[in-house]
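Go ahead and model the full structure; you've got the sequences and the hints to work with.
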Amino acid sequence: MAATTHSAGTRTTSRSLKAYGLLLPGFIAFGLFFLVPAVLLAWLSSQQWDALSAPSLVGAANYVEAFGDDVLRTAVINNLIWIVLGSAVPITLGFGLAVLLVRGNVRYKWLFRTLLFLPQVLSSVTVAIAWSWIYDPNRGALNAFLEGLGIVESGPAWLGDSALVLPALIVSWSWMEYGLAMVLFIAALQSLDETYFEVAKIEGASKWQTLRYVLLPLLRAPLALVALIVMIDAFQVFDLVFILTHGGPGVASMIVPVYMVLTSFTFHQFGYGAAIGLTWAVLIIIASLILLRSRRAFGS
Amino acid sequence: VGGAHHHRVAHPAAITPGLRQLTSSVPTPRRVRFGRYGIWPTTLALLASLLVILPIGWIVSASFKGRREAAQSPLSLPLSPMPENYVEAWNTARFGELITNSLIISVTTVVVVLILALPAAYAFATFEFRGKRLLFMTLLVGLAIPISLLVVPLFYEILALGLLDTHLALMLPQVAVGFPFAVLVLRAFIEGLPRDILEAGKIDGCGEIRLLTTIVVPLTRPALLAVLVLEFMWTWNQFLLPLILTQTAAARTLPLGMSIFLGRYGVNIPLLMAGAIISSIPIVLVYIVFQRHMVKGITTGAVAGS
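If you read the sequences in order, they're chains P and F.
Start counting the first sequence at 1; every next residue gets the next number (the working numbering).
Start counting the second sequence at 1; every next residue gets the next number (the working numbering).
By construction, these hints were calculated from the structure, which means they are not laboratory data.
Treat the hints loosely; a few may be bogus.
Claimed, not checked - DEER-style ranges, computed between Cβ atoms:
(1) F:Pro194 x P:Ala163: 57 to 65 Å
(2) P:Leu211 x F:Leu47: 17 to 25 Å
(3) P:Gly31 x F:Pro194: 45 to 53 Å
(4) P:Ile77 x F:Arg94: 36 to 44 Å
(5) F:Ile281 x P:Leu111: 17 to 25 Å
(6) P:Leu17 x F:Gly266: 53 to 61 Å
(7) P:Gly148 x F:Ile288: 30 to 38 Å
(8) P:Gly148 x F:Glu84: 26 to 34 Å
(9) F:Leu44 x P:Gly21: 33 to 41 Å
(10) P:Leu17 x F:Gly57: 54 to 62 Å
(11) P:Phe67 x F:Gly207: 52 to 60 Å
(12) F:Leu75 x P:Phe67: 18 to 26 Å
(13) F:Gly263 x P:Ile290: 35 to 43 Å
Just so it is clear, CB atoms sit at the ideal spot from N, CA and C, and this is done for glycine as well.
Given below as structure tokens:
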């Protein structure tokens, strides 16, 4: 329709130019400090570089090395566990709390909502400090609590035990994250048409039946959306692990981004670190696309 | 009147509100019964709140104890509260400097993000142009890729620009990190605005910039506020960028200062907990004041980003 006459065509072009003008400043900043580093990362991944001598081209050698790297394999597995459990726990908890706060006959709803969302606004460093003390084997709150109740005689070193460290970290992560799932579910629940519930009530449905046959089917699409968002968040985790354990003890709680930063800044294998980072970035994009697509299939 | 009323009831579209009226006015006994059950949901909510109250309560209580008392009886209330822990924490961690740096960086970053994102969002919402899809996809990728994967090249870029240890070193990358989300939310909001208002401005012969400042900004105020609060929180809480891009205290922010504090005074629990509380107060205040906007930004962003 626009290209039919010359003048309309020119107008389209001038409107396009205006649009580019509006986009330009933002995309310059985004390009310089996000896209440029991304391109540099790709270049660096083909180099061997210790930051002292000049980088030298090694082609795909870094990627080949990554395939045989046992630590990286552990990091990938831990990351996958984190993505599954670290989204399942906050989603379940957030869902339960949202149903309780929206559909339940709770007094002082706003107060509970405000309180329950609080961990979400704290910085990961504050949360890490709090949990480092809660998990402290000798002077920590959790062991004092368990020992006080007589559940254990002397509690474990939560962050020092290679079998416990990952679950313990995921618990503190879930503590930070469930608030996000909760407010998203609250918004979804509040947007539902009240009629469904009234009909269910009239039909004499029990609370459980209402939840199972009315609420859950209505929440399919929002559930998929919340899962997508929390999973992407779980993919991005870095701070808690870096501050609390550095991936330790040994490599028991190693995750890919932490391994990448350690490889680069601690072991000075910048090319190898970049190869790990780029591979992980590509995997994130692929996973996001799959999640996005399955969400659309699931939601509609 | 009676005839009209009769007609309205008979109309299928009127059945739903009629039903609603029926159910909300008739079963008074049901209401009473629900009132009795109200105790259980409230108790359940109270139990759930222990998730937040217990850890935070322990921390507040520990922050008022002596060192030995905190180590020996972590859960008890402080025997004689020691508010001086807070003074000591404030002075040792140099909270004054940290908060100043964090404020300068967060406020500037957020303002710049909004100034850059609003025109871009407006362009995405109201213009058709070549490469629109591609540019938008780039933003989505920017949203999915964690900045942790880019810190090495970012470090060398900032080093090459001679910006290491400056406020700018933290603001520029944070603007890039915050930009995609802001564009996404604002675009979704502008798309929901009535078209004819924007068109009317165009007919009046407003330039795009004037249209933006005189018409779009006032209309998008709620979304702008929501984005502002969220981006402020994320910038304020950012840990990795200051960790990588500062080496001295010159531009050190609150979260980084706290992590260094943790490394140095990790054994002094009361001091550490007092520090954790001081460092949380600003963001908790922002949260309490702007809670509604924050939640709105999150939900809009969630829907807009997928």
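Is it true that F:Pro194 and P:Ala163 lie within 57 to 65 Å of each other by Cβ? holds (59 Å)
State, for the Cβ atoms of P:Gly31 and F:Pro194, whether the hinted interval 45 to 53 Å holds or is violated. Taking Cβ atoms as reference, P:Gly31 and F:Pro194 lie about 33 Å apart, which means the hint is violated.
Assuming the hint says 30 to 38 Å, is it satisfied by the Cβ distance from P:Gly148 to F:Ile288 or not? Given range 30 to 38 Å: holds, Cβ gap about 33 Å.
Given the hint of 17 to 25 Å, is the C-beta distance from F:Ile281 to P:Leu111 inside that range or not? holds (19 Å)
Quick check on a hinted range of 52 to 60 Å for P:Phe67 and F:Gly207, using CB atoms only. Holds: the Cβ-Cβ distance is about 56 Å, inside 52 to 60 Å.
In this structure, is the beta-carbon distance linking F:Leu44 and P:Gly21 contained in 33 to 41 Å? violated (55 Å)
That 35 to 43 Å hint for F:Gly263 and P:Ile290 (C-beta), does it hold up? Taking Cβ atoms as reference, F:Gly263 and P:Ile290 lie about 39 Å apart, which means the hint holds.
Consistency of beta-carbon spacing, F:Leu47 to P:Leu211, with hint 17 to 25 Å: holds (19 Å)
For the pair P:Leu17 and F:Gly266, does the Cβ-Cβ distance stay inside 53 to 61 Å? holds (57 Å)
Is 36 to 44 Å a correct range for the gap between the Cβ atoms of P:Ile77 and F:Arg94? holds (41 Å)
Could you tell me whether the CB distance from P:Leu17 to F:Gly57 stays inside 54 to 62 Å? About 59 Å separates the Cβ atoms of P:Leu17 and F:Gly57, which means 54 to 62 Å holds.
Is 18 to 26 Å right for how far apart the beta carbons of F:Leu75 and P:Phe67 are? For P:Phe67 against F:Leu75, whose Cβ atoms are near 49 Å apart, the range 18 to 26 Å is violated.
Checked against the numbered hints listed earlier, the structure breaks hints 3, 9 and 12; every other hint is satisfied.
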